[in-house]
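Asks: All chains, please: the whole structure from these sequences, using the hints.
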Amino acid sequence: MPRPRKGDRVELLTRPERLVSEKIKQQAADRGMSVSQYVADLLAIQAGHPELVRELDKEVLPLAM
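Using this note's numbering, you'd call the opening residue of the sequence shown number 1 and step up by one each time.
Hints listed in this document are in silico derivations from the structure and should not be mistaken for laboratory results. It is possible that part of the hints are untrue.
To be verified - Taking CB as the label site, the calculated pair distances span:
#, residue 1, residue 2, range
1, Arg54, Leu13, 28 to 34 Å
2, Ala44, Arg3, 27 to 33 Å
3, Arg54, Ser21, 19 to 25 Å
4, Lys58, Pro2, 22 to 28 Å
5, Met1, Gly48, 17 to 23 Å
6, Val35, Gly7, 26 to 32 Å
7, Leu13, Leu52, 18 to 24 Å
8, Asp57, Met1, 25 to 31 Å
9, Met1, Ile45, 29 to 35 Å
10, Pro2, Glu55, 29 to 35 Å
11, Pro50, Met1, 18 to 24 Å
12, Met1, Glu22, 17 to 23 Å
Said to hold, decoys possible - Below, in silico cross-link-like pairs of lysine to aspartate or glutamate (EDC-like), each with a Cα-Cα straight-line distance of 16 Å or less:
#, residue 1, residue 2
13, Lys23, Glu51
14, Lys6, Glu55
15, Lys58, Asp30
C-beta: ideal position from N, C-alpha, C; glycine also.
Replies: Next up, the structure:
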């Protein structure tokens, strides 16, 4: 089954230093995010568009028991 569309997105390729790449991969994994979405969210924040952040630091309220 195809994934839902995430909006008007384009591919952006980059080749960071290995140390940076490893750190980004670990940070994404620690948050349970794909590297692609993690980097997209970081770029949205850096570009001044926090409204486009999809997953990064989105708080989930605990369920009431």
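Asks: Of all the hints numbered above, which does this structure not satisfy? Sort the numbers upward.
Replies: Hint check: 1, 2, 5, 6, 10, 11, 12 and 13 fail, others pass.
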